[in-house]
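Below are the chains, spelled out letter by letter.
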Amino acid sequence: MKVVLKNLTKKFPSRRGKRRGEVTAVDNFSFEIPDGKLVGLLGPSGCGKSTILNLLCGLERPTSGRIFFGEDDVTDLPAEKRGVGMVFQNYALYPHLTVLQNILFPLENLKGAEKLSRAEMRSRANEAARLVQIDELMDRKPGELSGGQQQRVAIARALVKMPRILLMDEPLSNLDARLRLQTREEIRRIQRETKITTVFVTHDQEEAMSISDVIVVMKEGVVQQIGKPQQIYDDPVNLFVAKFLGTPPINVFRGSVKDGRLWIGGEDILGVSGVSDREVYVGIRPEGLVPVPETQSDKGSGGTFPIPDGPKRRSAGKEEERIGLPPRPAQGSGTGTIPMSGLQGTFSCRLSGVEVMGREISVAAVHEASESPMIRAVISAEQKEDLTSDVIRFGVRTDKVFLFDRETERRITAVCRPLGRRE
Amino acid sequence: MEISEEKEQHYMEQHKNTGDEFKKIERSDRLRRKVLKTFTYAGLTFWALVVLFPFYWMVLTSVKSYSSYNSEYIPKLFTLSPTLQNYKEAFTAVPLAGYFLNTVIFAVVTTMLMLIVTVLAAFAFARLNFPGKHLAFTLLLSLMMIPNELVVITNYVTITNLGLRSTFTGLILPSVSSVFYIYLLKENFEQVPDQLYYAAKVDGTSDLKYLRKVLVPICRPTIVTITILKAIECWNSYVWPRLITDDEKYFLVSNGIQEIRENGFGRENIPAMMAAVVVISVPLIVLFLLFRKVIMEGVSRGGTKG
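Protein chains in written order, with our numbering: chain A, 20 to 442; chain B, -10 to 295.
In case anyone wonders, no lab produced these hints; they're calculated from the structure.
Worth double-checking, as some hints may not be accurate.
Unchecked claim - Below, a list of computed lysine-lysine pairs in the DSS-like style, where the Cα atoms sit at most 27 angstroms apart:
1. A:160 <-> B:198
2. A:100 <-> A:134
3. B:202 <-> A:30
4. B:122 <-> A:134
5. A:25 <-> B:198
6. A:134 <-> B:198
7. A:134 <-> B:202
8. B:190 <-> A:160
9. A:100 <-> B:198
10. B:190 <-> A:56
11. B:-4 <-> B:23
12. B:190 <-> A:21
13. A:160 <-> B:202
14. A:130 <-> B:202
15. B:282 <-> A:160
16. A:130 <-> B:198
17. B:202 <-> A:100
18. B:122 <-> B:190
19. A:130 <-> B:282
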């Protein structure tokens, strides 16, 4: 079922003595959820994502705007008549009922034409339980289940009445890391199998990226960006979105554009075109900072420095280097190809630490123009790099650099390219 | 070789020593525990005797004959000629069976009505939003500050003005609402997480259905507790029934006991009264034994359970 939200606004009235003025939780939110897709609502806590969920399921009434399920306007329908399924953050299982009774509960409340016979209910409940693989736990009480099992019961309960849409409010936040990964895949599988339009709320960008078809990034009730996960990551519209997506988070520097070059601190790190001279924020993804050995950066040539993207690409880079192809300029839009050439170490920072994470190495460094006390670069652990000197020089991958306006924090479309190759 | 053997022997000796030591500690610990247990049980036994003695005295007196009771200058702690005469007397001298029935009706009806009123009121205060909710609840709570005796007088005036003296309605009406139980249950309802309410809403229940199918079952221990407490309260109530009923038709057992007591030949007929008391106590004791577990559960977690 297609879900349409039209100019949805939700204001909470001021409470006397506590807060002055009303609080706008959701501000003019318009969005169309395509049929059968899994949409991730992503944002920091307090950004209004749960309010949207509550508006969708009818627990809150919008101040203005309309909600449509398919062709039906459901804006004024109370929660009990909307026929949505919801998985709550703490699962909200009925503690006095067994798993089976919990799953049966929504069916027992069906009225009129939808009313089912006892046997039908039973078979529907069994079917839902099989789908989430809890059919052996039917006689237990929620208190006797593990967190992951409770979560599955909650999903089964939400699914059993074949809801028009399925809503999930941070359903994974109570699970441990390993279980979270597993359940995340499970949710994805169930959603694909049932093809129920699903809205998934989370503040965990990794979670949202991994399972959503479409991500909606929100901040303070306002939609920032809507798009496919990779697209948002590669092409953020503003500084907030760029900062919110990605672990470790993007490194942000105060910089400026002068004479077609991008300056951070006292260094010009990249060439830029398509933008006038101005003060900017420079966002560089951790994987866009590539440590360059001192000797090679001295030579000024890219050298044989491998890009940390696995052996295949590395050899491709080498190949390119060997036959002397010029590096392909990356398009700032992020849809360009990854430059395979070696990089010049144009950007120097003070090294402050190296964290080994097994697959990757996280390099922590300090730079005075950085917005955060620490900047991070992630490189492959296979890359045996000498990381002992005080000053580390980074090469910058142009497709991982984003420029933002200093005032509006909006993205500036610009084309970056490595330095020294313009002539 | 020799050295190592020596070492081994030494080690063994040491080991043996530590073994002995261990046994010694264990022995003394066992002794200490035994002593402690003895003292504990002795204390508990003593306390049980203190608590149970009045009951024993009650039963003992009820099986002594009127004459032997009155002839004992210092009451004896046992009797050699038990009699059931007093029980016969209790039922024949006054219509005790009728009073008994009255009390059952009074207790059952009052408790049922009280339950309905309390559950609904607690739900309204805990879950619903209506203007003046907090004011209403504060006023209700402040009623708890007013001693019962004061309320009895105003209630008496009200019920008399309504012309409900010597009727079951007049007996029952003032006991139907209970501020404290509403408060207790409201607190209990509020402990149930909001999300369950939302979940129930999304699952398609109305407010009333949520109350019936989710809230009440979850708070069952508390509800059972207040039911039993209320039933006991009704069973034992004396002042109000005494005030509001002049007609023997509406007397409760408490009035009956008083009547039997005054029924002796110039003196108080204590054995007959005790027999009546025994008869009256039995249902309560049975009730308590039946629901012992639930009552304890309700009292011990009285509100902490979510």
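Here is what the structure says about each hint:
1. Taking the CA atoms of residue 160 of chain A and residue 198 of chain B, the gap is near 21 angstroms; set against the 27 angstroms cutoff, the hint holds.
2. Distance restraint check for residue 100 of chain A and residue 134 of chain A: the Cα-Cα separation of roughly 14 angstroms lies within the 27 angstroms cut-off, and the hinted pair is therefore satisfied.
3. A distance of roughly 33 angstroms separates the Cα atoms of residue 202 of chain B and residue 30 of chain A; the hinted pair therefore is violated under the 27 angstroms criterion.
4. Under the criterion of a C-alpha separation no larger than 27 angstroms, the hint pairing residue 122 of chain B with residue 134 of chain A is inconsistent with the structure, at around 37 angstroms.
5. Restraint check for residue 25 of chain A and residue 198 of chain B: the C-alpha separation of about 33 angstroms exceeds 27 angstroms, so the hint is violated.
6. Restraint check for residue 134 of chain A and residue 198 of chain B: the C-alpha separation of about 16 angstroms stays at or below 27 angstroms, so the hint holds.
7. With a C-alpha separation of about 18 angstroms, the suggested pair residue 134 of chain A and residue 202 of chain B falls inside the 27 angstroms cut-off, and the hint holds.
8. A distance of roughly 21 angstroms separates the Cα atoms of residue 190 of chain B and residue 160 of chain A; the hinted pair therefore holds under the 27 angstroms criterion.
9. A distance of roughly 14 angstroms separates the Cα atoms of residue 100 of chain A and residue 198 of chain B; the hinted pair therefore holds under the 27 angstroms criterion.
10. Of the pairs offered as hints, the one joining residue 190 of chain B and residue 56 of chain A holds, with about 25 angstroms between alpha carbons and a cut-off of 27 angstroms not exceeded.
11. Taken as a hint, the residue -4 of chain B and residue 23 of chain B pair is broken in the structure, with Cα atoms around 40 angstroms apart against an allowance of 27 angstroms.
12. Simply put, residue 190 of chain B and residue 21 of chain A have alpha-carbon atoms about 23 angstroms apart, close enough for the 27 angstroms limit, and the pair holds.
13. The straight-line distance between the Cα atoms of residue 160 of chain A and residue 202 of chain B is roughly 16 angstroms, inside the 27 angstroms bound, and the hint therefore holds.
14. For the hint linking residue 130 of chain A to residue 202 of chain B, the alpha-carbon distance of about 16 angstroms falls within 27 angstroms, and the restraint holds.
15. For the hint linking residue 282 of chain B to residue 160 of chain A, the alpha-carbon distance of about 20 angstroms falls within 27 angstroms, and the restraint holds.
16. At roughly 13 angstroms between alpha-carbon atoms, residue 130 of chain A and residue 198 of chain B fall within 27 angstroms of each other, so this suggested pair holds.
17. Between the alpha carbons of residue 202 of chain B and residue 100 of chain A the distance comes to roughly 18 angstroms, so the proposed pair stays at or under 27 angstroms and holds.
18. With a C-alpha separation of about 22 angstroms, the suggested pairing of residue 122 of chain B with residue 190 of chain B holds against the 27 angstroms cut-off.
19. A C-alpha spacing of about 38 angstroms is found between residue 130 of chain A and residue 282 of chain B, which places the hinted pair above 27 angstroms, so the restraint is violated.
Violated hints, listed in ascending order, are 3, 4, 5, 11, 19; each of the other numbered hints is respected by the structure.
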